[in-house]
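Input sequences plus hints: build the corresponding full structure.
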Amino acid sequence: MNTRNLYDKLWESHVVRQESDGTALLYIDRHLVHEVTSPQAFEGLRLAGRRPWRVGSVLAVADHNVPTVGRESGILDPVSRLQVDTLDANCEEFGIQEFRMDDVRQGIVHVVGPEQGATLPGMTVVCGDSHTSTHGAFAALAFGIGTSEVEHVLATQCLLSKKSKSMLVKVEGNLPKGATAKDIALFVIGKIGTAGGTGYAIEFAGSAIRHLSMEGRMTLCNMAIEAGARAGMVAVDEKTVEYFRGRPFAPSGEMWEAACAYWRTLTSDEGAHFDAVVQIDAAQIRPQVTWGTSPEMVVGIDGQVPDPASVSDAVKKSGMEKALQYMGLEAGMAISDVPVDKVFIGSCTNSRIEDLRAAAAIAKGRHVASSVKLAMVVPGSGLVKKMAEAEGLDRIFLDAGFEWREPGCSMCLAMNDDRLSPGERCASTSNRNFEGRQGAGGRTHLVSPEVAAAAAIAGHFIDPEALQ
Amino acid sequence: MKAFDRIDGLVVPLDRPNVDTDAIIPKQFLKSIRRSGFGPNLFDEWRYLDHGEPGMDNSLRPVNPDFVLNRPRYHGAQILLARENFGCGSSREHAPWALEDYGFRAIIAPSFADIFFNNCFKNGLLPIVLDAGIVDRLFAGTEANEGYRLTVDLPSQTIRTPQGEEFSFEVDPFRKHCLIEGLDDIGLTLIHAEEIRAFEEKRKAEQPWLFIGNGK
Ligand code: SF4
Chain V
1 MNTRNLYDKL
11 WESHVVRQES
21 DGTALLYIDR
31 HLVHEVTSPQ
41 AFEGLRLAGR
51 RPWRVGSVLA
61 VADHNVPTVG
71 RESGILDPVS
81 RLQVDTLDAN
91 CEEFGIQEFR
101 MDDVRQGIVH
111 VVGPEQGATL
121 PGMTVVCGDS
131 HTSTHGAFAA
141 LAFGIGTSEV
151 EHVLATQCLL
161 SKKSKSMLVK
171 VEGNLPKGAT
181 AKDIALFVIG
191 KIGTAGGTGY
201 AIEFAGSAIR
211 HLSMEGRMTL
221 CNMAIEAGAR
231 AGMVAVDEKT
241 VEYFRGRPFA
251 PSGEMWEAAC
261 AYWRTLTSDE
271 GAHFDAVVQI
281 DAAQIRPQVT
291 WGTSPEMVVG
301 IDGQVPDPAS
311 VSDAVKKSGM
321 EKALQYMGLE
331 AGMAISDVPV
341 DKVFIGSCTN
351 SRIEDLRAAA
361 AIAKGRHVAS
371 SVKLAMVVPG
381 SGLVKKMAEA
391 EGLDRIFLDA
401 GFEWREPGCS
411 MCLAMNDDRL
421 SPGERCASTS
431 NRNFEGRQGA
441 GGRTHLVSPE
451 VAAAAAIAGH
461 FIDPEALQ
Chain H
1 MKAFDRIDGL
11 VVPLDRPNVD
21 TDAIIPKQFL
31 KSIRRSGFGP
41 NLFDEWRYLD
51 HGEPGMDNSL
61 RPVNPDFVLN
71 RPRYHGAQIL
81 LARENFGCGS
91 SREHAPWALE
101 DYGFRAIIAP
111 SFADIFFNNC
121 FKNGLLPIVL
131 DAGIVDRLFA
141 GTEANEGYRL
151 TVDLPSQTIR
161 TPQGEEFSFE
171 VDPFRKHCLI
181 EGLDDIGLTL
191 IHAEEIRAFE
201 EKRKAEQPWL
211 FIGNGK
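Those sequence lines, one after another, are chains V and H.
Using this note's numbering, the first residue of the first sequence is number 1, and each one after it goes up by one.
Using this note's numbering, the first residue of the second sequence is number 1, and each one after it goes up by one.
Simulated from the structure, these hints should not be mistaken for laboratory data.
Do not take every clue at face value.
What the hints assert, rightly or not - With a straight-line cut-off of 35 Å between C-alpha atoms, the simulated DSBU-like cross-links for lysine-lysine are:
{"no.": "1", "chain 1": "V", "residue 1": "Lys239", "chain 2": "H", "residue 2": "Lys202"}
{"no.": "2", "chain 1": "H", "residue 1": "Lys27", "chain 2": "V", "residue 2": "Lys373"}
{"no.": "3", "chain 1": "H", "residue 1": "Lys204", "chain 2": "V", "residue 2": "Lys373"}
{"no.": "4", "chain 1": "V", "residue 1": "Lys239", "chain 2": "V", "residue 2": "Lys317"}
{"no.": "5", "chain 1": "V", "residue 1": "Lys322", "chain 2": "H", "residue 2": "Lys27"}
{"no.": "6", "chain 1": "V", "residue 1": "Lys177", "chain 2": "V", "residue 2": "Lys316"}
{"no.": "7", "chain 1": "V", "residue 1": "Lys163", "chain 2": "V", "residue 2": "Lys9"}
{"no.": "8", "chain 1": "H", "residue 1": "Lys176", "chain 2": "V", "residue 2": "Lys177"}
{"no.": "9", "chain 1": "V", "residue 1": "Lys162", "chain 2": "H", "residue 2": "Lys176"}
{"no.": "10", "chain 1": "V", "residue 1": "Lys163", "chain 2": "H", "residue 2": "Lys27"}
{"no.": "11", "chain 1": "H", "residue 1": "Lys27", "chain 2": "V", "residue 2": "Lys191"}
{"no.": "12", "chain 1": "H", "residue 1": "Lys204", "chain 2": "V", "residue 2": "Lys165"}
{"no.": "13", "chain 1": "H", "residue 1": "Lys176", "chain 2": "V", "residue 2": "Lys9"}
{"no.": "14", "chain 1": "H", "residue 1": "Lys204", "chain 2": "V", "residue 2": "Lys364"}
{"no.": "15", "chain 1": "H", "residue 1": "Lys202", "chain 2": "V", "residue 2": "Lys163"}
{"no.": "16", "chain 1": "V", "residue 1": "Lys191", "chain 2": "V", "residue 2": "Lys163"}
{"no.": "17", "chain 1": "V", "residue 1": "Lys364", "chain 2": "H", "residue 2": "Lys2"}
{"no.": "18", "chain 1": "H", "residue 1": "Lys176", "chain 2": "V", "residue 2": "Lys165"}
{"no.": "19", "chain 1": "V", "residue 1": "Lys162", "chain 2": "V", "residue 2": "Lys191"}
{"no.": "20", "chain 1": "V", "residue 1": "Lys322", "chain 2": "V", "residue 2": "Lys165"}
{"no.": "21", "chain 1": "V", "residue 1": "Lys386", "chain 2": "V", "residue 2": "Lys316"}
{"no.": "22", "chain 1": "V", "residue 1": "Lys316", "chain 2": "H", "residue 2": "Lys176"}
{"no.": "23", "chain 1": "H", "residue 1": "Lys27", "chain 2": "V", "residue 2": "Lys386"}
{"no.": "24", "chain 1": "V", "residue 1": "Lys162", "chain 2": "H", "residue 2": "Lys204"}
{"no.": "25", "chain 1": "V", "residue 1": "Lys373", "chain 2": "V", "residue 2": "Lys165"}
{"no.": "26", "chain 1": "H", "residue 1": "Lys27", "chain 2": "V", "residue 2": "Lys317"}
{"no.": "27", "chain 1": "H", "residue 1": "Lys202", "chain 2": "V", "residue 2": "Lys162"}
{"no.": "28", "chain 1": "V", "residue 1": "Lys9", "chain 2": "H", "residue 2": "Lys204"}
{"no.": "29", "chain 1": "H", "residue 1": "Lys176", "chain 2": "V", "residue 2": "Lys163"}
{"no.": "30", "chain 1": "V", "residue 1": "Lys239", "chain 2": "H", "residue 2": "Lys204"}
As structure tokens, this is what we get:
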């Protein structure tokens, strides 16, 4: 039999039928839904007189618009409230399970899915959100879809899709101290570019990936989309299997054993073909900081803001110049000389318990610099928050001068009240540094939770190791 | 969905690479629960001098005269000429909705972001990938000639310039068919409902754990 890579296996096991041109009808096992990209899909269903094909496959949660403070008084912004109310009403009408704002299981959809075991290895997982690639960490085929596709999956349990090319990103060796999954992600994007993965599904492999925790693998797959890839994935190993033991939507008893046996087959066969291979030496990955308005504009913490004059490609050069102007930075400046106004620790990239522990370890016994206007920690879900509080992480953050908030997307995209003012500079653990992403005129530097916490303490970027 | 056959449209050049969906339609407009009416806020941050919010009367807002869409010579454009990696960033379908609502029918660029590219077809918008060199020439043509129009013919997969030059482009045959007929994807898929049901039953028998949910 032919050798197959992980993506081949996941893809082939979900094809219901295939047209001669390669367009496949792909069966979807899990459909995650949030308030921003679903109202028009439900509206479309209603208009056409259709019902969801299998409501049990759908799990809904509001995350983008929810406030991170003062939840008792509800959502004040009428537009945000309307979206969340609309989701509640749609789930009610169609009988879809939803974790509402007052449910401890509420949180960012990409944190909640795996946490509940609603994402399982071997599944196809879709959500009307590009960071659905996160779920690939569990050897699931997971990708973001648009609202029309949300409607299509609701109505048919299937998606029309064409197979992507496959790319293997192999990260071998040991990460230096202080470097994390986030730094691997940013380093890879810096290397292959934000369009480097376009048209590909990426499998991350190699010893450095196997050493990552499941949280770290989620961080990495989360950012596969920032490299242009539709999906990122990591093969199953024992860490993957163990992660699901006892989770609410995961199997138990005999079914557990059968599931584990199947899950263990979800790896690329020895010698399987990939359309592209990228080799990365983990030892070269320093903590990363983005300096521009695209995740590929990134350097190591000990680096300098690059000089557009050193680049010959005219389009690239002018892109760099625009970015520097927007970011208010000078070429040649040391990254460690860049001061920060705000610090955001959160988002579906870095808001899991491990991220909070790492940030708390830096914050412990220290205090946020007086020049920093706001440093906030936003857990990824109510359950992450609860666990962190049980471990006393909230106290560490609060004592250090951080704010401790309710779960949601928050300042990752500033749809609620958490946002940057024009010109403000933020060390953020989120995944996008586009112009205005965290508030009009706001300047975002993407970093790991460790670097964000260290920046809050020092008031500027600094190698967390240097703080010790 | 609006059917697409052949258009002869005015071209507007948007000369920057990596235009992301945040720029196409800023996030504050995603709060709408409707799927129409986004056109006036297309490229909101570049198009207006003030900060836009949903519900504002856009006709009263100060426009940025330097932004290309605001230049009178490009009013009524149906074809957007863009640079590489157009539509990168978030998967929001509001981006093609806004482009379509504004009046665009086709976008020409050397490359597109994947999800955006897919979303276009579902909304009657035709994304066309052309060689970077040809795109350069079209930019030059558009900038040099006021009233520059292109004819986009989907059945024959060709683009014609006013000078009579012709370029062909690739398009997936199935998508082409749906676009020309204005067909709804869901209806097409449900033709195969029996096959889907059979697949589902088999899956349930082999991997019952995939069907743990709220029991439905
Ligand atoms: S945290 Fe940010 S990137 Fe993640 S789902 Fe929310 S808005 Fe999207």
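So, going through the hints one by one against the coordinates:
1. V:Lys239 x H:Lys202: 29 Å, holds
2. H:Lys27 x V:Lys373: 24 Å, holds
3. H:Lys204 x V:Lys373: 54 Å, violated
4. V:Lys239 x V:Lys317: Judged against 35 Å, a Cα distance of about 43 Å means the pair is violated.
5. V:Lys322 x H:Lys27: Holds: Lys322 (chain V) and Lys27 (chain H) sit about 21 Å apart, inside 35 Å.
6. V:Lys177 x V:Lys316: It holds: about 32 Å lies between the C-alpha atoms, which stays within 35 Å.
7. V:Lys163 x V:Lys9: 12 Å, holds
8. H:Lys176 x V:Lys177: Violated: Lys176 (chain H) and Lys177 (chain V) sit about 52 Å apart, past 35 Å.
9. V:Lys162 x H:Lys176: Judged against 35 Å, a Cα distance of about 15 Å means the pair holds.
10. V:Lys163 x H:Lys27: 30 Å, holds
11. H:Lys27 x V:Lys191: 29 Å, holds
12. H:Lys204 x V:Lys165: Distance ~29 Å between Lys204 (chain H) and Lys165 (chain V) Cα, so the pair holds.
13. H:Lys176 x V:Lys9: 29 Å, holds
14. H:Lys204 x V:Lys364: Given pair Lys204 (chain H), Lys364 (chain V) is violated - Cα atoms ~49 Å apart, limit 35 Å.
15. H:Lys202 x V:Lys163: 22 Å, holds
16. V:Lys191 x V:Lys163: 24 Å, holds
17. V:Lys364 x H:Lys2: 59 Å, violated
18. H:Lys176 x V:Lys165: 22 Å, holds
19. V:Lys162 x V:Lys191: 27 Å, holds
20. V:Lys322 x V:Lys165: 33 Å, holds
21. V:Lys386 x V:Lys316: 45 Å, violated
22. V:Lys316 x H:Lys176: It holds: about 33 Å lies between the C-alpha atoms, which stays within 35 Å.
23. H:Lys27 x V:Lys386: 30 Å, holds
24. V:Lys162 x H:Lys204: Roughly 24 Å separates the two Cα atoms, so the pair holds.
25. V:Lys373 x V:Lys165: 45 Å, violated
26. H:Lys27 x V:Lys317: Holds, at about 28 Å.
27. H:Lys202 x V:Lys162: 23 Å, holds
28. V:Lys9 x H:Lys204: OK: Lys9 (chain V) and Lys204 (chain H) at ~18 Å, within 35 Å.
29. H:Lys176 x V:Lys163: OK: Lys176 (chain H) and Lys163 (chain V) at ~18 Å, within 35 Å.
30. V:Lys239 x H:Lys204: 26 Å, holds
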